[in-house]
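For the record, the sequence lines run as chains D and R.
So in the working numbering, spot 94 of the first sequence is number 94, and the numbers just go up one at a time.
So in the working numbering, spot 229 of the second sequence is number 524, and the numbers just go up one at a time.
These aren't lab readings, by the way, just hints derived from the structure by calculation.
Note that beta-carbon positions come from the ideal geometry of N, C-alpha and C, so glycine has one too.
There's no promise every hint is true.
Claimed, not checked - Pair by pair, the computed Cβ-Cβ distance ranges are: (1) R/G333 / D/M1: 14 to 22 Å; (2) R/G516 / D/E51: 56 to 64 Å; (3) R/G333 / D/D290: 49 to 57 Å; (4) R/G467 / D/G146: 39 to 47 Å; (5) R/Q484 / D/L84: 45 to 53 Å; (6) R/V485 / D/D191: 28 to 36 Å.
Number of protein chains: 2
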Amino acid sequence: MNLIDETRAEMLYGEMGPGREMSGGSAGNTAAGIASLGGVCGFIGKVHNDELGKVFTHDMRAAGVEFNTAHLVGGPATARCLVLVTPDAERTMNTYLGACVELGPDDIDEDQIKRAQVTYMEGYLWDPPLAKDAFRRAIEVAHGAGRKTALTLSDSFCVDRYRQEFLQLLEGDIDILFANEDELKSLYQVDSFDDALQRVQGHCEIAALTRSEKGSVIVRGNEVHVIDASPVDRVVDTTGAGDLFASGFLYGLARGYDLKTCGTIAGLAAAEIISHFGARPETSLKTLVDDRPRT
Amino acid sequence: MNLIDETRAEMLYGEMGPGREMSGGSAGNTAAGIASLGGVCGFIGKVHNDELGKVFTHDMRAAGVEFNTAHLVGGPATARCLVLVTPDAERTMNTYLGACVELGPDDIDEDQIKRAQVTYMEGYLWDPPLAKDAFRRAIEVAHGAGRKTALTLSDSFCVDRYRQEFLQLLEGDIDILFANEDELKSLYQVDSFDDALQRVQGHCEIAALTRSEKGSVIVRGNEVHVIDASPVDRVVDTTGAGDLFASGFLYGLARGYDLKTCGTIAGLAAAEIISHFGARPETSLKTLVDDRPRT
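For reference, chain D alone in the conformation it holds in the complex (with noise of 0.2 Å):
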């Protein structure tokens, strides 16, 4: 993922192919995800009173999401990014924060917080230093309700950024974590997956490991579950892999499920989003959940 700025976003653009629009952003997928599965959660984030604005408020409404954060008016354009996807599924962002950055504390609807059992944040957003506050807030009112935090790391780029906030922000701040292996091993600067879980374990509640067709590794204290990726016909765009996967645990947990039952609606709800274009699921998660074969 690279970020980019406006001009370079519609020279980019200009370069493209024709593509398709859709409405995506991390925690955004991860949200709609949830509802898909049938869970009840809210989003909150900010886009401009732009064109991709509604259409972004539209499509998370439409899923089922509660979202309420006031639009921007004035100021930079709604967020977008230009995704190229390659052959081998594999995919190069570029990122035009936009209104994005506007984010900060007064947008925390402390209500929302208080009824959520887990917040959820992503690590894009730590880039921006009204956002970090907006989080530091989320937290403050989450933990203060007794609820959970959970964090996604997000991005290689993002832990080579901010490793010793991440870092702090696990020793108490954040309940549970996400991250692939690159970014968990960037996070802990070691050279091998076994090396980064050793030391995650214990750090934080929950750690939730992706690791692409490897699967996933979830741990908790002294409990640790090594579960495989769900069967895939066809990868044709990894996007949201990561978003999705958070989606299905969140959503088992807070279904109170065991966390092998947790990581194993993860991992369906990962593959139902790289077997297509675009990060919003094409199908009823739900169903797919519970259709499931049971082992």
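Once you've looked at the hints, dock chain R against the given chain D.
Just chain R, lined up with the frame of chain D:
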């Protein structure tokens, strides 16, 4: 793996194209691997005083393995296994147990077992009743001397036949268990690796679980290590992968290495053996391990 009698062995051999002969046998391969790693080890096993038995004995001793079990005079010939390898590197093993079934408690060299940090037994030999008695005797001697015992489940068919006995052995008789994913799932009659993992944890002191290209999982009490498979340029013949994994793991354990290092050395030894035909190392495993990239 199929067990065959002498008649079928001859029939099959007549149908086979040109082959190559080499010493083998599951625990024999493991012993040869340990020697190649620079470890000190002995082997107890029954061969006939025939040509194959002499070749086997030569190969073991030439590899540096202490091997003094009395040769069988009269009775069945030395065991042999007709291994057919397909281009996908998978193998069909047709084993005539021959002289192996004559191994008994009297063959147990108590002094040798008392000197060994670990006495390792193969599940394949749980078939002949005399060998079973030999195992029980070896366990008694090893534990009496304050040493460790190890067992490989060998094959899912062994587990199917002796599930209750193997489960019983894990209740104190066996300290270190080696199993691949299929064997472990069969042992606990569960459908997912994670379910089996939860069951084996705490069932014996150490479990070393192999998962082919998914690497291995090593468990000791609350300590869980998830270790990647070593890269292999081209998998030629998977015969002996588990045997050599055990070589590396036991070698590391005897040296007092941490579990991650034991698993890494085990993976390197397994990777060497599957990169060529046959289940005995073709290169010095010691050199291979000494030169490994450190992470």
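Against the earlier hints, flag every one the structure doesn't satisfy and list their numbers going up. Hint 1 alone not satisfied by this model.
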